[in-house]
Amino acid sequence: MSPRHVPRTRRICENCNQKCLATLYCEFCVRNYLKAKFSNWTSGNVNIDNLIQKCQSETSRPNVIVEWIPYNSEYQVFNKRWFF
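Residue numbers for the sequence shown follow full-length UniProt numbering, so the first one is 1 and each next one is one higher.
Treat the hints with caution; some may be incorrect.
Said to hold, decoys possible - Simulated pairs of lysine-lysine, BS3-like, Cα-Cα distance not exceeding 27 angstroms:
| no. | residue 1 | residue 2 |
| --- | --- | --- |
| 1 | K37 | K54 |
| 2 | K19 | K35 |
| 3 | K19 | K37 |
Said to hold, decoys possible - Label-pair ranges, simulated between beta-carbon atoms:
| no. | residue 1 | residue 2 | range |
| --- | --- | --- | --- |
| 4 | E58 | R11 | 28 to 34 angstroms |
| 5 | R11 | G44 | 17 to 23 angstroms |
| 6 | N45 | I12 | 26 to 32 angstroms |
| 7 | R10 | E67 | 35 to 41 angstroms |
| 8 | I12 | K35 | 30 to 36 angstroms |
| 9 | C16 | T42 | 16 to 22 angstroms |
Rather than coming from a laboratory, the hints here were simulated on the basis of the structure. Beta carbons: idealized from backbone N, C-alpha and C, even for Gly.
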């Protein structure tokens, strides 16, 4: 069996009591946290905001979460490959 198809053990989240796959976080709690913050940020473009919110609502891993990082004069881009 390839590593991709190995059954994973679920655990019960101590916060929401749902079964989750991750050992260090609960994918449900992460999504709920992000949803609660939707009104605290905007890119200035409704379509981009909706896309980011959709991705955040459906993600199962925090290392692949899309987020809006507002530009300010103190923020420097070190890797231009991030932009497409």
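Checked hints:
Annotation: proposed proximity of K37 to K54 holds, straight-line Cα distance about 13 angstroms (limit 27 angstroms). Distance check on the hinted pair: K19 and K35 sit about 19 angstroms apart at the alpha-carbon level, within 27 angstroms; holds. Taken as a hint, the K19 and K37 pair is honoured in the structure, with Cα atoms around 23 angstroms apart against an allowance of 27 angstroms. Taken as a hint, the range 28 to 34 angstroms is violated for the pair E58 and R11, whose Cβ atoms sit roughly 21 angstroms apart.
Distance hint check for R11 and G44: the Cβ-Cβ separation is about 40 angstroms, which falls outside the suggested range of 17 to 23 angstroms. For the pair N45 and I12, the beta carbons lie near 39 angstroms from each other, so the given range of 26 to 32 angstroms is not met. Look at R10 against E67: about 26 angstroms separates their beta carbons, and that is not inside 35 to 41 angstroms. Under the hint 30 to 36 angstroms, the C-beta atoms of I12 and K35, about 21 angstroms apart, miss the expected range.
The supplied range of 16 to 22 angstroms is broken by C16 and T42, whose beta-carbon atoms lie about 27 angstroms from each other.
Violation of the numbered hints given earlier is confined to hints 4, 5, 6, 7, 8, 9; the remaining hints are satisfied by the structure.
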